[in-house]
Amino acid sequence: MLSILLALSAFAAEPTSFELAQFHARRGEWTQARVAVNAALTADAQDYEAHHLNAVIHRQLGETGLLVATTAAWRAEQDGVAANVAHAAALAVDENGDCDQVAQLLEGLPEEPALAYVGKRIEWEAARHCDIDRQSVRAALKAQTSDLASARTYSLSLRVEDPIDKAVLTEIASLTGSRTGVASLARRLWDKDRKVTGKLKAARKLLLAQAGAMSGSESMVELHHAAEIYRRAQHPDAEATSARLEKLAGVPVRQPSTAVLISVYEANRKPTHELALAALDALTESVQGDADATEALAYFRAQRLTELDRPDEAHEVLKAQVLAMEKPGSTGNFWAYSATENGKDLDVALTIIDKVIADSSAERWTGNDGDYAGWAEAKGQTLANYHDTRGWVLYGLERYEDAVGSLQIATGQEGSGGVEFAHLGLSHAALGQSEEALAILGIAVAKGIEDATTEEAAHAALEPLFESHGPWHAEGFGGYLRDLAEQPTAAQDEDGEEEVHSLIGKPLPVLSATNMDGPDLDLHHDGVLIVDVWATWCGPCVTAMPGLQEVSKTYADRGVRVVGLSVDEKQSSVTKFFKEAGVDYELGWISDSGFETFDIEGIPALFVVGPDGAVAEYISGYSPGDTRLEEAIEGLLGSD
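Throughout, the working numbering is defined as the position within the sequence shown, counted from one, plus 9.
Worth flagging that the hints you see were computed from the coordinates, not collected in a lab. A few of these clues could be false.
Between beta-carbon pairs, the in silico distance windows are [stated by the list, open to error]:
1. His282 x Asp171: 27 to 33 angstroms
2. Ala222 x Asp109: 43 to 49 angstroms
3. Val592 x Pro119: 16 to 22 angstroms
4. Gln580 x Gln113: 55 to 61 angstroms
Backbone N, C-alpha and C fix where the C-beta goes; we use that ideal spot for every residue, glycine too.
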């Protein structure tokens, strides 16, 4: 959390999307910051600093694992510079980040001023938990070229921590025109523990001149900087400047006691858990009345208590905090989820998460939060996260039907991960709904379940389903999990909606396949032909087979033929499966080249071919009770 106070640099006179992201981040408005930074990355996908800030925002929203996974996949695809930076930043701001991986990623960055600067900033953050010489990194940051505006401001903010010399005074004075990042100097110049010298007084005077120049601006960013400087200096114009900012922004201006917050962050940086906890405990009285500092203190104390193997005390510390909060927000969500993981106070956790959801649902767009669509998307993702927690609490209370309701909301949001689907699948399993559980847990494994405990529970629930739903993978449950984890997801367009398949209106790209029982399959057919593209390792594919068997029997006398084409890598897997399959329709094998041949990324995939030999319908995925296939067949057969 301390890194965000150090990580925000230059603002121009008129805010860009990136500057608005910084503005919201400084106020702790992480959801709005994410909307703005997404807009910045849409405008420039290679904006290094935007990626860096995005990593910090994800960290604050508890999404570091997702960010690391996303940027790692991106880096693997294109080895992009911005992907390297984002991945390293995500790891660096995560207190449990892989230090070796941070170093390796940073070593791969091209040598150019902007990237050298961002790289050193990442090292500075990583040094909090990695074996990195902070002094050498600090020295490098201080020495960054003055030709790079953002680096210049940041290095200057470090240099003013030292005894101030004439060069520093010259640089502060030279900021008058650009007015970039001057507020970041205020905390250091008005540090109550600094020895007041003539040069320090001169530097403060120069910075107050900057505030005066910005206090008449119509820019929210500049007014925010002016208000921050005036507040730090306890200047008489602080209140009036804040009032102007509040009027311009259209929302109340939050003025937390940053000095108190800094003391909390600094206490949490002690070299051992015992020392950090002692330092945090000593601050208890001094943070009273400061909501932000109190929340941060409770979070850090709970974290240190957990590290010291005192989980019950950690639980109670956060419980007291969230119960005292008017709006528990993300802290309440975090505590409710951890309460479920620990099996404690679940009724209280449900009350808290219900309040968190109600508060979030009541939030309205003000028009000052950037693009409405982006704001709505971010709000939807936040609510999905909260509903996942609610569903998991209900699961812990053994209210499985209610859990399914909340978890369906969570998994209905684009970008939902494997953990959310695992929670939903486990709830279906607890209800004895084996087909739903099998299909949804399969999706969870394919997406990747980042939490080890949830992954273990999902695998434990999947194994009996694997055993009870017919023949499976030739290499057993382990092979099934391995292949399932490598299964591609369904193709989607940029808006997240399913694309019209390229084969619609065209003949099948294959008209023969290796037969599991006799001569090669001939796919020429005068009536309606159903082609099911599947694999032995695909849980939903196998779960769908009884339904296809029923379709084959029901429509056989109307000329409908069903054929299954396996895209397993090895024919031997299908041969073993075929011997125990127990289905009457034909099964064939076309190897894993079938993904490319049929232009698909995910399975099961059904192609409905009309009597004219052209593909009339493409159906992706499977869920129990799905009637899309029957509807497509009836549409082609008509009244017959």
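Hints, verified against the model:
1. His282 x Asp171: 27 to 33 angstroms: holds, 30 angstroms
2. Ala222 x Asp109: 43 to 49 angstroms: Given a distance of about 46 angstroms, which is inside 43 to 49 angstroms, the answer is holds.
3. Val592 x Pro119: 16 to 22 angstroms: Violated - the Cβ-Cβ distance for valine 592 and proline 119, about 56 angstroms, lies outside 16 to 22 angstroms.
4. Gln580 x Gln113: 55 to 61 angstroms: violated, 40 angstroms
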